[in-house]
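Chemist: What follows is each chain in one-letter form.
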Amino acid sequence: MKQYCYYPGCSAEATAKGLGLSVRAVAAPLEMELIELEGWTCCGAVHYGSVDRQEAVPVAAYNLALAQKTGLELATPCTGCYLALTKADMRLKEDEALKARVDKALAAAGLEYKGNVRIRLLTEVIINDIPPQFIASKIKRNLNGLKVAPYYGCQMVRPDFGFDDPEVPHKLDDLVNNLGAEAIYFPLKSRCCGSSLVFSEEDIVLEQLYKLLKNAVENGAQCMVTPCPLCQVNLDVYQGRVNKKFKTNFKLPVLYVTQLIGLALGIDEKALGLHMNIVSPRPVLKYISKQEAASGA
Amino acid sequence: MVIWSVRFVDEVAATPGGENIRDCIQCGICAGSCPAADRMEYPPRRIIAMIRAGKRDEVLGSASMWYCMSCYLCTERCPRDVKPTELAYALESLAIKHGYRARGTSTPAVHRSYVHTLQNYGRIYEMGMMLRYYITSNPFKAIAMLPVAIKLMLRRRLPLLPPKTKGLASLKKVIAGFRETEGE
Chain H
1 MKQYCYYPGC
11 SAEATAKGLG
21 LSVRAVAAPL
31 EMELIELEGW
41 TCCGAVHYGS
51 VDRQEAVPVA
61 AYNLALAQKT
71 GLELATPCTG
81 CYLALTKADM
91 RLKEDEALKA
101 RVDKALAAAG
111 LEYKGNVRIR
121 LLTEVIINDI
131 PPQFIASKIK
141 RNLNGLKVAP
151 YYGCQMVRPD
161 FGFDDPEVPH
171 KLDDLVNNLG
181 AEAIYFPLKS
191 RCCGSSLVFS
201 EEDIVLEQLY
211 KLLKNAVENG
221 AQCMVTPCPL
231 CQVNLDVYQG
241 RVNKKFKTNF
251 KLPVLYVTQL
261 IGLALGIDEK
271 ALGLHMNIVS
281 PRPVLKYISK
291 QEAASGA
Chain R
1001 MVIWSVRFVD
1011 EVAATPGGEN
1021 IRDCIQCGIC
1031 AGSCPAADRM
1041 EYPPRRIIAM
1051 IRAGKRDEVL
1061 GSASMWYCMS
1071 CYLCTERCPR
1081 DVKPTELAYA
1091 LESLAIKHGY
1101 RARGTSTPAV
1111 HRSYVHTLQN
1121 YGRIYEMGMM
1131 LRYYITSNPF
1141 KAIAMLPVAI
1151 KLMLRRRLPL
1161 LPPKTKGLAS
1171 LKKVIAGFRE
1181 TEGE
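Chains as they are written, first to last, in our numbering: chain H, 1 to 297; chain R, 1001 to 1184.
Isolated chain H (complex conformation) (with noise of 0.2 Å):
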């Protein structure tokens, strides 16, 4: 079983509950041990950065230093986070004055940081260290003809960090394939979900789910998976208020990657925290129901 320290992020505890209960469910059969990294703090976001550049970096810093003593590599469910930890590594490596005051400020807390965390994502991790046919061997519940729409958004994939193509990416496709169901045709894939401009800009933002959800149903989908706990947030909890504004009348479930993961190994829809989605996916649950009645009798 291989160690990963992990680094939940805030969000996998409150808006995103399900993600962080999905990921521990489907740790111990997937093989991975996650060992919670001790006295993390917020990752900054893009929001930090944005109020003071050079600030953010020692807050994402600061969480390097405390992951470096584990000796692990750093894995995170929330692509949020993962950038956020992975810019502040790269911009300590660029520019060496201000790794100088960086240094100084986490020697104030006694700690040091020497650059040589691996910052991964967990959907990356399941991705690339479990082989394909592990996962299929592991699989329980037939997920055979579900229709699922793969929606990256931006930052699992951009900026281009050589995990995918950036703008054509399918490696989450595959997954989903792997699990017995089946990954649509989405040319939205990876377009943005209008992010946490939400609070200040709802209407640009519910024309970029309109536009997401649009999509995803023309083409067939029964539900959407995603990494990301934002876009999940957006694309769940902000349907209902698409449906309104748009007079359409859209009940795709929003499911995260590691809830289908879940789902097709077997585990409770409530450890996947699957009762915690705003869009109900029942009708998914159903769907896989019928058909292992189906394929049974």
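It is possible that part of the hints are untrue.
Once the Cα atoms are required to be at most 20 Å apart in a straight line, the calculated DMTMM-like pairs of lysine to aspartate or glutamate come out as [as the list claims (entries may be wrong)]:
#  : chain 1 : residue 1 : chain 2 : residue 2
1  : R       : K1164     : H       : E13
2  : H       : K2        : H       : E124
3  : R       : K1151     : H       : D173
4  : R       : K1173     : R       : E1184
5  : H       : K138      : H       : E124
6  : R       : K1172     : H       : D203
7  : H       : K104      : R       : E1184
8  : R       : K1173     : H       : E38
9  : H       : K99       : R       : D1081
10 : H       : K171      : H       : D129
11 : R       : K1141     : H       : D160
12 : R       : K1173     : H       : E112
13 : R       : K1172     : H       : E112
14 : H       : K147      : H       : D160
15 : H       : K247      : H       : D173
16 : H       : K99       : R       : E1019
17 : R       : K1164     : H       : D129
18 : H       : K93       : R       : D1081
19 : R       : K1166     : H       : E96
20 : R       : K1151     : H       : E202
21 : H       : K2        : H       : E112
22 : H       : K99       : R       : E1041
23 : H       : K138      : H       : E33
24 : H       : K286      : H       : E182
25 : R       : K1164     : H       : E36
26 : H       : K138      : H       : E269
27 : R       : K1166     : H       : E207
28 : R       : K1173     : H       : D103
29 : H       : K251      : H       : E207
30 : H       : K147      : H       : D174
31 : H       : K251      : R       : D1081
32 : H       : K93       : R       : E1184
33 : H       : K214      : H       : D268
34 : H       : K140      : H       : D268
35 : H       : K140      : H       : E292
36 : H       : K69       : H       : D103
Since the hints were derived computationally from the structure, they do not count as laboratory data.
Take the given structure of chain H and dock chain R to it, following the hints.
Modeler: Showing chain R alone in chain H's frame:
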């Protein structure tokens, strides 16, 4: 006559994120790729041209960069590696540093509320962050958002109490320590 000791383009280029601004060839693929360009007073290509023309007040006082959603499509496609996403952050930081108030958007208040919550609780406390944002921008909007908050609360996705963060004291030391190195 005002004689600028530092031209605006130099100031932007010296700000982290703005380093590559001189490399822009004004091809416009950034604006063509941007999901928020049609809401911006000055879309990315234009704002770069304005920076190079020295229009400091117009640029730093505008709301345009605050519409950036960090989707990085412009950054991905830019043939000159200007990194317009990073440039937007650079402009945001400059605007805040020099006390400009964005015309027509409350997005800076979102960022400020977020940072305030982080500094006080160590982790994000959505309820506190949202309340702070609505109070500092538009309290009436809080009422319109109540149904969303209730939906989340019923699913136990919006904790009422702030998180207890073990690392908070150390994080505060790091931030204070960093501020002491200002100017180094």
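Chemist: Give a verdict on every hint.
Modeler: Consistency of the hints with the structure:
{"no.": "1", "hint": "R/K1164 <-> H/E13", "in the structure": "12 Å, holds"}
{"no.": "2", "hint": "H/K2 <-> H/E124", "in the structure": "15 Å, holds"}
{"no.": "3", "hint": "R/K1151 <-> H/D173", "in the structure": "31 Å, violated"}
{"no.": "4", "hint": "R/K1173 <-> R/E1184", "in the structure": "18 Å, holds"}
{"no.": "5", "hint": "H/K138 <-> H/E124", "in the structure": "19 Å, holds"}
{"no.": "6", "hint": "R/K1172 <-> H/D203", "in the structure": "36 Å, violated"}
{"no.": "7", "hint": "H/K104 <-> R/E1184", "in the structure": "11 Å, holds"}
{"no.": "8", "hint": "R/K1173 <-> H/E38", "in the structure": "17 Å, holds"}
{"no.": "9", "hint": "H/K99 <-> R/D1081", "in the structure": "24 Å, violated"}
{"no.": "10", "hint": "H/K171 <-> H/D129", "in the structure": "13 Å, holds"}
{"no.": "11", "hint": "R/K1141 <-> H/D160", "in the structure": "37 Å, violated"}
{"no.": "12", "hint": "R/K1173 <-> H/E112", "in the structure": "13 Å, holds"}
{"no.": "13", "hint": "R/K1172 <-> H/E112", "in the structure": "15 Å, holds"}
{"no.": "14", "hint": "H/K147 <-> H/D160", "in the structure": "28 Å, violated"}
{"no.": "15", "hint": "H/K247 <-> H/D173", "in the structure": "30 Å, violated"}
{"no.": "16", "hint": "H/K99 <-> R/E1019", "in the structure": "18 Å, holds"}
{"no.": "17", "hint": "R/K1164 <-> H/D129", "in the structure": "33 Å, violated"}
{"no.": "18", "hint": "H/K93 <-> R/D1081", "in the structure": "19 Å, holds"}
{"no.": "19", "hint": "R/K1166 <-> H/E96", "in the structure": "30 Å, violated"}
{"no.": "20", "hint": "R/K1151 <-> H/E202", "in the structure": "17 Å, holds"}
{"no.": "21", "hint": "H/K2 <-> H/E112", "in the structure": "25 Å, violated"}
{"no.": "22", "hint": "H/K99 <-> R/E1041", "in the structure": "36 Å, violated"}
{"no.": "23", "hint": "H/K138 <-> H/E33", "in the structure": "17 Å, holds"}
{"no.": "24", "hint": "H/K286 <-> H/E182", "in the structure": "17 Å, holds"}
{"no.": "25", "hint": "R/K1164 <-> H/E36", "in the structure": "15 Å, holds"}
{"no.": "26", "hint": "H/K138 <-> H/E269", "in the structure": "17 Å, holds"}
{"no.": "27", "hint": "R/K1166 <-> H/E207", "in the structure": "40 Å, violated"}
{"no.": "28", "hint": "R/K1173 <-> H/D103", "in the structure": "13 Å, holds"}
{"no.": "29", "hint": "H/K251 <-> H/E207", "in the structure": "17 Å, holds"}
{"no.": "30", "hint": "H/K147 <-> H/D174", "in the structure": "13 Å, holds"}
{"no.": "31", "hint": "H/K251 <-> R/D1081", "in the structure": "40 Å, violated"}
{"no.": "32", "hint": "H/K93 <-> R/E1184", "in the structure": "17 Å, holds"}
{"no.": "33", "hint": "H/K214 <-> H/D268", "in the structure": "30 Å, violated"}
{"no.": "34", "hint": "H/K140 <-> H/D268", "in the structure": "12 Å, holds"}
{"no.": "35", "hint": "H/K140 <-> H/E292", "in the structure": "11 Å, holds"}
{"no.": "36", "hint": "H/K69 <-> H/D103", "in the structure": "15 Å, holds"}
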